[in-house]
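Student: Next come the chains, spelled out residue by residue.
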Amino acid sequence: MEIGIYHYLVLSFILFAIGMVGVMVRRSVILMLISIEILFNSINLTAVAFNRFLYPEQVTGQVFVIFIMTVAAAEAAVGLAIVMSVYKNFKNLEIGGLNTLKN
Amino acid sequence: MNPTYYELAWLIPALPLFSFIFTVLFTQKYRDLTAFISVAVVVASFYLSIRVTMEMLAGAGSAQMLNIQWIPLGKALNVSVGVFLDPLSVMMLIVVTTVTMLVHIYSLGYMKHEDGKSRFFSYLSLFTFSMLGLVLSDNMLQMFIFWELVGLCSYLLIGYYYTKKTAADAAKKAFSVTRAGDLGFFMAVVICWGYFGTFNFAEIQTLYGETTEFLARIFPFLIFFGAMGKSGQFPLHIWLPDAMEGPTPVSALIHAATMVVAGIFLVARAIMIFAQTPDTMLWVAYIGGFTALFSATIAVAQHDIKRILAFSTLSQLGYMMLALGIGGSIGLSNTSNGHAGSDLALMGQTAGTFHLFTHAFFKALLFLGAGSVIHAMHTNNIWEMGGLKSKMKITVWTFIIGTIALSGIPPFAGFWSKDEILALCMEVGTVHGYILFGVALAGAFLTAFYMFRLCLVAFWGKTPASAHPHESEFSMTFPLIVLATLSVFAGLIGNHDIAHTLNITSYAAFLNPEWNHEAVFHLSIAGISVLVAGLGIVSAFVLYAKRPAEWTSEAHDPLRAKLGKLYTHLENKWYIDEVWSWILNNILFRIAAGCAWFDRHIVDGSVDLVGFMTTRFGLVLQPVQSGKLQNYILVVFVGLLFVLGFLYMKVPGILAQMIQ
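If you read the sequences in order, they're chains A and B. Residue numbers for the first sequence, in our numbering: 1 to 103. Residue numbers for the second sequence, in our numbering: 1001 to 1660.
Source of the hints: derived by calculation from the structure; they are not laboratory data. Just so we're clear, the structure is a prediction, and the values are computed from it rather than from any experiment. Careful: at least some of the hints might be erroneous.
From chain A, some residues computed to sit far from chain B (all C-beta separations above 12 Å) [stated by the list, open to error]:
no. : residue
1   : Ile-14
2   : Val-23
3   : Ala-76
4   : Tyr-87
5   : Lys-88
Pulled a few chain B residues facing chain A out of the computed Cβ check, cut under 10 Å [what the hints assert, rightly or not]:
no. : residue
6   : Val-1043
7   : Thr-1568
8   : Asn-1631
Using 27 Å as the maximum straight-line C-alpha spacing, the simulated DSS-like pairs for lysine-lysine come out as follows [what the hints assert, rightly or not]:
no. : chain 1 : residue 1 : chain 2 : residue 2
9   : B       : Lys-1628  : A       : Lys-88
10  : B       : Lys-1112  : B       : Lys-1565
11  : B       : Lys-1650  : B       : Lys-1462
12  : B       : Lys-1112  : B       : Lys-1562
13  : B       : Lys-1628  : A       : Lys-91
14  : B       : Lys-1117  : B       : Lys-1029
We put the CB at the ideal spot given by N, CA and C, even for glycine.
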């Protein structure tokens, strides 16, 4: 069986669903960050798949993916730094316990 | 080329303003310096006024000297601030600057040891500025502004001893009562703008003759309402006796000679507008006549030296109003008793303002004399005084000169001016004229009586053992001497023949140069008025000349037994204060309470309701904003799915389009 665009899209959809559910139901901040990374990767996968199968002569999708990966790396660094700081202050990474930050 | 003094006329009010600003900002700590600056400035103003008067006498005529466009709004509204010199304003300049200067000098002595001397002199400067600005106004709005300013100064100076409750209350009373009158003046100003589109007196005068609108027609009446408040006409007179709580120089300056005559000045300034509505003028005349008699009756049974003088002032202001009113009561186009209505109006203006002119001098003299006595005796009650005539010679004799002048004995000033009013009443020749002649005559009798009662009780008899009166210092006696001189001679310019003999311009010729009439003088009327005044003096002598030493309080007044119950009514000022407080408590305050309820519950309530609804609506929506990040994401995601699902259902083939 030849691997076509639909296989990629289905995989991407599965990844997206996993990531989305992870973001929504996980209580730990670190696990939410990991879920967000999964979401990014599902998007990346879609982008390269479309690039590869629909417009093989262009590189737009690949360039996009590289940008997203860069931004995601930066975001992960910032996010983890915040997580460290939160942990130092709260000794806890439960997202529900952080709502005192709004005050 | 040197500027003429006309061109410098703007300095006359500007100098005191400068003095006020300078002393308030810089010299409050240095009491003597403040006093010096104020006095120096007012002397300069006085000098300039004299020079301006001399130029006017030399034939310079009326002139608009300064005209600054203040609010230029094209056709809608043009407000200018100007300095307007005409005989009437120049006459007022002389009165105001003379009395102000003398009162300033007097205050140097009177206020010598006061802690608030700086404050006092600064206020005096502000007052001088306001009053001079008022008399130099050429339009109604400017006059209204200065009108309010003098009211403010009056308030500040009555309440000068602000730690004393009676003084603070009197200040508030004066402010609110005159404000009640000012409301009428303000309405007149608004009507002026609405119907005539100008504030200039001369322009209004022409426009007024053409209008038939009801509101525009009643506008002189509204002006008069303002004049009633300021000049203490019944029933708005109640503030003036209480205003005597202020320092005596203030009573002399503001509450006898200058500010209270602002109402007279206003009516005199607008006389040609007023004279176009004879009904209003008749009203003015009767209010004036009633006030003249009514206040004189009260003065008979008062015991506070300053209050007697205050009621006397009210009475004399009544005379002035009477003169203005009866003169204009014929109407401009009618004739009466062989005189054209316009001539009678001008005669009224002449008589009223001439009485203003002479009254300013002798009433200021009387008040300053009273101040000197109070300074020496430390009491205001005439029954606690006595035997002063050998101890305070200058004060007492100048006071007696003032008394004679006020009583209307020739050749003193008051005789000429009061006589002119009486003669005018007869000249008008209507039944109203005769009635008011009788009223004025009765007032003249009472005036002579209460003034001599005051003199005899306060100055004759024996000095109380506890008091050690002594003559006041020179700065206080000097103004008395000057004013006494003026009280003797100032009246002479009113009489045509005497002025002619002395080769000076008579008052009537000065006030209206192009009008070739002269003040009327009838020997018979003069004779009657002197007779009546003499009768008053004799009655006073009969009752009070032999004042025994044991009459030491008001309970011993022999008049008390003679008048019986009436005396109590007089002593209580005919209960007008009580009537007012009843009206205030039972009517005005109830209406106010109703309005307050409406404001608090209906107006505030509706505003509160809006706020309350907003809060409640917010509370309903509050759970949505939970602060839980994951809820938000859920909502966003579900929302996104919903939008996508909607697009998929509604737009056929959208997925295919997106992929291609």
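Student: Decide, hint by hint, whether the structure agrees.
Tutor: Here is what the structure says about each hint:
1. Ile-14: holds (16 Å)
2. Val-23: violated (6 Å)
3. Ala-76: holds (17 Å)
4. Tyr-87: Holds, since 17 Å exceeds 12 Å.
5. Lys-88: holds (20 Å)
6. Val-1043: violated (71 Å)
7. Thr-1568: Interface hint status for Thr-1568 of chain B: violated (75 Å vs cutoff 10 Å).
8. Asn-1631: OK, holds: Asn-1631 of chain B within 10 Å of chain A, min 9 Å.
9. B:Lys-1628 with A:Lys-88: holds (21 Å)
10. B:Lys-1112 with B:Lys-1565: violated (44 Å)
11. B:Lys-1650 with B:Lys-1462: Not satisfied, since the Cα-Cα distance of roughly 116 Å exceeds 27 Å.
12. B:Lys-1112 with B:Lys-1562: This hinted pair is violated, its Cα atoms lying about 43 Å apart.
13. B:Lys-1628 with A:Lys-91: holds (19 Å)
14. B:Lys-1117 with B:Lys-1029: OK: Lys-1117 of chain B and Lys-1029 of chain B at ~10 Å, within 27 Å.
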